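As you go down the protein sequences, you meet chains X and P in turn. The numbers in full-length UniProt numbering rise by one with no breaks, and the one at position 123 of the first sequence is 123. The numbers in full-length UniProt numbering rise by one with no breaks, and the one at position 73 of the second sequence is 73.
If you are wondering where the hints come from, they were derived from the structure by calculation, not from laboratory data. Note that the structure is a prediction, hence the values are computed from the model and not measured. Mixed in with the good hints, there may be bad ones.
Per the computed footprint, the stretches of chain X lying under chain P, defined by three or more beta-carbons under 8 Å from a beta-carbon of chain P, are [said to hold, decoys possible]:
hint, segment
1, 90 to 98
2, 111 to 123
3, 138 to 150
4, 156 to 169
5, 172 to 180
Listed next, the in silico BS3-like pairs over lysine-lysine satisfying Cα-Cα at most 30 Å (straight line) [unchecked claim]:
hint, chain 1, residue 1, chain 2, residue 2
6, P, K109, X, K97
7, P, K177, X, K181
8, P, K101, X, K97
9, X, K60, P, K234
10, P, K159, P, K229
Computed Cβ-Cβ distance ranges for the label pairs, DEER-style [what the hints assert, rightly or not]:
hint, chain 1, residue 1, chain 2, residue 2, range
11, P, R176, X, E66, 25 to 31 Å
12, X, N150, P, R176, 43 to 49 Å
13, X, E66, P, S210, 27 to 33 Å
14, X, F88, P, S3, 24 to 30 Å
15, X, M1, P, N205, 25 to 31 Å
16, P, G237, X, G53, 38 to 44 Å
17, X, N174, P, R279, 46 to 52 Å
18, P, V211, X, P70, 51 to 57 Å
19, P, P245, X, N52, 39 to 45 Å
20, X, N52, P, K193, 50 to 56 Å
21, P, N205, X, E66, 40 to 46 Å
22, P, L64, X, N52, 48 to 54 Å
Even for Gly, the Cβ is constructed at its ideal location relative to N, Cα and C.
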Amino acid sequence: MNYQAVVIGTSFGGLDALRTILPQLGESFPVPVIVVLHIGDRNIDSFISHLNGSCSLTVKEAEMNEPARPGFVYFAPPNYHLLIENNFCFSLSADEKLNFSRPSIDVLFESAAWVYKQALIGVILTGANSDGADGLKVVKQLGGTTLVQNPCTALAPVMPRFALTLARPDFRINLERVAPKLIELTSQ
Amino acid sequence: MNSYYDDQNSRLLDIEIGLLLEGVYQKYGYDFREYSKAHVRRRVLSRLKISGIETVIGLLDRLLRDADFFRGFLNDLSINVTEMFRDPEFYRSFRENVIPKLRTYTFIKIWHAGCSTGEEVYSLAILLQEEGLLDRCQVYATDFNGKVLDIAREAVYQKSEIEQYEQNYRQAGGTRKLSDYYQSLYGSVMFKKELSARIVFADHNLVTDSVFAEVNLILCRNVLIYFEKDLQNKVLGLFHESLTPAGVLCLGSKESIRFSKYEDRFTAIDEKQRIFKKRLI
């Protein structure tokens, strides 16, 4: 399979989980990585600059009309939903919250699933609510590959547990195995 | 997820949505063909789910034959999420950077495009009142959705939202209390008539209608994000044409004119808060 994008969703415990995963992806990681991290209304500038200090990939906030390109990790801006358009560019939405969340993981995953279909990898990590489960299910139904962090090793097991139950993902793996798995899948 | 558009049929979804938007345009004149596809897809799938219709073609069939049903769908596609003093930092910057410019005019014309249910128009009116400028202003507040304009004219909002609005108002640099501007009625609040005296609410569609007035200031926040790039350019052109020389354009906090056709026709007054000024030449 020639994958074209990775989408990641996480909430509580997500800062640490992403600090573990993202620095392991080398600069030649072949596809864009697009992340929704629930962080309330706070801005994520300092987290992004912190990650840039430890990642080979360039980490930034996704902007309206910006194309999703390899070599980058994109974060949804606080208080906006992030979507992918048919031309692989980002769009934003200020629509009502979904699962009490904006950005919502479901919104990103569903829009990415319709665009990338089987060329998409969806990842659900630690988190304390059910956002992302429906989205991951759509990723799977449209032929994409799905990974969920093992809830037993997640700081907050609720989000991975919902995703496991609803989406029946292809892989259920411990946090330290997520980056190697992404590298393995995308290098095939 | 809708079971009809599975792995096998997924390509059909976008084809059918294209036909639906074309049909809606031809029948009702509302043009969503250049709206963000991802946004429209989300709204259409949610409407299918709610109404128990299996396919988008089935939805189109119903829309073409049932004008009441179309009204509901119009509401789905319009952008109705708003709050008073949304993004308080924007209003602080506006006070600091735009108000001094407006003071130099004897009469100020303002266009609030995509005003939805009016919360942000009344926020602006309050700010102008506190700066002693409201009496000198004419505010045109427009939206394509008649239903939200009716709500905006009424100026009646849920009391449950007021606490958040009070907080936004204070963070936005409000000099009084928000409660000075409304009366409480049971579970609602009604904003005072003095605020709406200078506002005209009117039907205007950014996609299909043209320039209707020359104005000194345009606010259009969190509307362009729902449009495809060509339509964004078209609407920015409409704004450029409507603004007086050195007129001010305020966009949403994640909206940009960078990479648009009009990038070099405006200069930034506050880049972060997306406040721009029309260049003289």
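Now the hints, each set against the structure:
Coverage of the segment 90 to 98 of chain X by chain P holds in this model, with 6 residues showing a Cβ closer than 8 Å to a Cβ of that chain against a need of three. With 5 residues bearing a CB less than 8 Å from a CB of chain P, the segment 111 to 123 of chain X meets the requirement of three and the coverage assertion stands. For the segment 138 to 150 of chain X, the stated coverage by chain P holds: 4 residues have a C-beta nearer than 8 Å to a C-beta of that chain, and at least 3 were required. Remark: the segment 156 to 169 of chain X is not confirmed as covered by chain P, as 0 of its residues place a Cβ nearer than 8 Å to a Cβ of that chain, below the required three.
Remark: the segment 172 to 180 of chain X is not confirmed as covered by chain P, as 0 of its residues place a Cβ nearer than 8 Å to a Cβ of that chain, below the required three. Distance restraint check for K109 (chain P) and K97 (chain X): the Cα-Cα separation of roughly 34 Å exceeds the 30 Å cut-off, and the hinted pair is therefore not satisfied. Straight-line distance between C-alpha atoms of K177 (chain P) and K181 (chain X) comes to about 56 Å, which puts the hinted pair past the 30 Å bound. Distance check on the hinted pair: K101 (chain P) and K97 (chain X) sit about 36 Å apart at the alpha-carbon level, beyond 30 Å; violated.
For the suggested pair K60 (chain X) and K234 (chain P), the alpha carbons sit about 28 Å apart, so the restraint of at most 30 Å is met. Simply put, K159 (chain P) and K229 (chain P) have alpha-carbon atoms about 38 Å apart, too far for the 30 Å limit, and the pair is violated. Checked against the given bound of 25 to 31 Å, the beta carbons of R176 (chain P) and E66 (chain X), roughly 41 Å apart, lie outside it. About 55 Å separates the C-beta atoms of N150 (chain X) and R176 (chain P), a value inconsistent with the hinted range of 43 to 49 Å.
Distance hint check for E66 (chain X) and S210 (chain P): the Cβ-Cβ separation is about 30 Å, which falls inside the suggested range of 27 to 33 Å. The hinted window of 24 to 30 Å between F88 (chain X) and S3 (chain P) holds, with their beta carbons roughly 27 Å apart. Taken as a hint, the range 25 to 31 Å is violated for the pair M1 (chain X) and N205 (chain P), whose Cβ atoms sit roughly 44 Å apart. Against the hinted window of 38 to 44 Å, the Cβ-Cβ separation of G237 (chain P) and G53 (chain X) comes to about 42 Å, which satisfies the hint.
Checked against the given bound of 46 to 52 Å, the beta carbons of N174 (chain X) and R279 (chain P), roughly 56 Å apart, lie outside it. About 42 Å separates the C-beta atoms of V211 (chain P) and P70 (chain X), a value inconsistent with the hinted range of 51 to 57 Å. Taking the beta carbon of each, P245 (chain P) and N52 (chain X) are about 41 Å apart, inside 39 to 45 Å as hinted. Between N52 (chain X) and K193 (chain P) the C-beta distance comes to about 52 Å, which sits within the given range of 50 to 56 Å.
As the Cβ distance of N205 (chain P) to E66 (chain X) is approximately 27 Å, the hint placing it in 40 to 46 Å is violated. A beta carbon spacing of about 52 Å between L64 (chain P) and N52 (chain X) agrees with the range 48 to 54 Å that was offered as a hint.
Against the hints set out earlier in the document, violations occur for numbers 4, 5, 6, 7, 8, 10, 11, 12, 15, 17, 18, 21.
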